[in-house]
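Asks: Residue numbers (my numbering), protein chains in the order written: chain Y, 1298 to 1627; chain R, 11 to 168.
Hints should not be assumed to be uniformly reliable.
What the hints assert, rightly or not - Under 7 Å between C-beta atoms, here's a sample of chain R residues computed to sit facing chain Y:
1. Pro83
2. Leu87
3. Asn89
4. Arg90
5. Ala91
6. Phe92
7. Ile94
8. Glu96
9. Gln97
Just so you know, the hints here were simulated from the structure itself, not pulled from any lab data. Idealized CB from N, CA, C, for every residue including glycine.
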Amino acid sequence: MFSVVICDDSLVARKQVAKCLPDDWDVSVHFAKNGSEAIELIGEGKGQLLLLDLNMPVMDGYETLKVIQQQGFATRTIVISGDIQPEAHQRVESLGALAFIHKPVKPDTLLGLLKQHGLFDQQSESEEELERLDPAIRDCYQEISNIAMGQAGDHLARMLNVFVELPIPNVNLIEMSELHMMLTDIEEKETVSGICQGFVGPGVSGEALFIVSDSGVGELAAILGLSGDIDDRAQLEVLMDAANILIGSCLNGLANQLDLHFSQGHPMVLGQHYNIRDLINTNKVRWRRTLAIELSYGLEGFRAHCDLLLFITEESMNIMNAKLAHLLED
Amino acid sequence: MQQEEIQEFHWMMTLLQNVDVGLVVLDRDYKVKVWNGFMESHSGLLPSHVRDKSLFELFTEIDRDWFKRKAWPVFELRNRAFIIWEQTPYLIRFPNYRPITGSEEVMYQNITLSPIVSPTGNVDAICLMIYDVTDVAAGKKALESTQVALNETLEQRG
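Build the full structure now, drawing on both the sequences and the hints.
Replies: Structure (structure tokens):
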């Protein structure tokens, strides 16, 4: 995903610049307090666009531009500074900056420049992402997910004795950075608990992630008839029971339709009462593009929501497509 | 041909006997039908002794209702069930595999319950698998206590 680094020593200025980015621009934003921090981020492959202040401690904007030139980084830079001297303007442009904006920056000015330099067109990146997944294949995955999800919902309903509201499965190809946003969407404020479990069949592998909000766990415990003090261990019991049913049944459903058998690894607790973004922070680097199947189960009469996410590696899709060829033919 | 099949069967039996995972087959009354070498060694009970006896009578430490709740989806929904050591440290109390250098007294266990679907499509028995995860559990507990100690030190320094 396109990454923007905002570099300014003032927190207020960083926030103000971030607010001026177009609302529907699907980018990840990183912050740096000085040039040296910005260079570090760029070195990590972030910051296709750098919004740079000039006067900062440690390494100022001019030095930063020099380092970018010397190191040959592909970063494109727009300088945002309170320094209105014409010479400052000339100097940064000679150091390779695309443009110079005076503080305080206004959304329209920034938008104009982004468009002018082809950095932003109204169509968001996520829409382009979807197009990369052939609609016929996407339909096909959606259909098999639907069937698997129905079975899993039925099993959950039988365990809990409540009516389970079935979701429409959401099938997407997602990038690592998009996972963070997807997870943030699931639970904006509440803390959550999660279970993840690897699964593997011949040529197909992936990971299931089961997420329930803390209030949801409490409700599930009540539905299951657990009374008294619901401590962490009791919550884990509830979480595991629900995860076992949903993950197991969904995988069984998918495996039957794909005519293969999945082995399941032992589930891992991702930590109870974490903020959802912290849940996935560990293996960032190893994430690639994956097929994500999102299922969100609701329970009639309750606020509890369980989210089941199935991530399937991109390589697995070849095998799956072959197995599903009969569905794709006509 | 028949000779080969017998030999293959013999190999499979040897594997089941020697694999370092506890393998038990339970029928619908939770009576033991199969008991492999791992189970025999750690419990000290011979297969002939446990055969057709109820798991709950053999091991009174198992909470009967709790275990039945875990096994219900396996029998009725043909769904695998997993129990991890964080939920309950062990199902059957076995001593640590390393009695001398091991830091924990007991063996921490991860449990898998798998349905065994008969040719008629019914689940008349389930397979209970016991994995020794003592080292993982001890490592995680040590890490957690280090983190607690570290936080306390940091708080004291203000």
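Asks: Of the numbered hints stated earlier in the document, which are not met by this structure?
Replies: none
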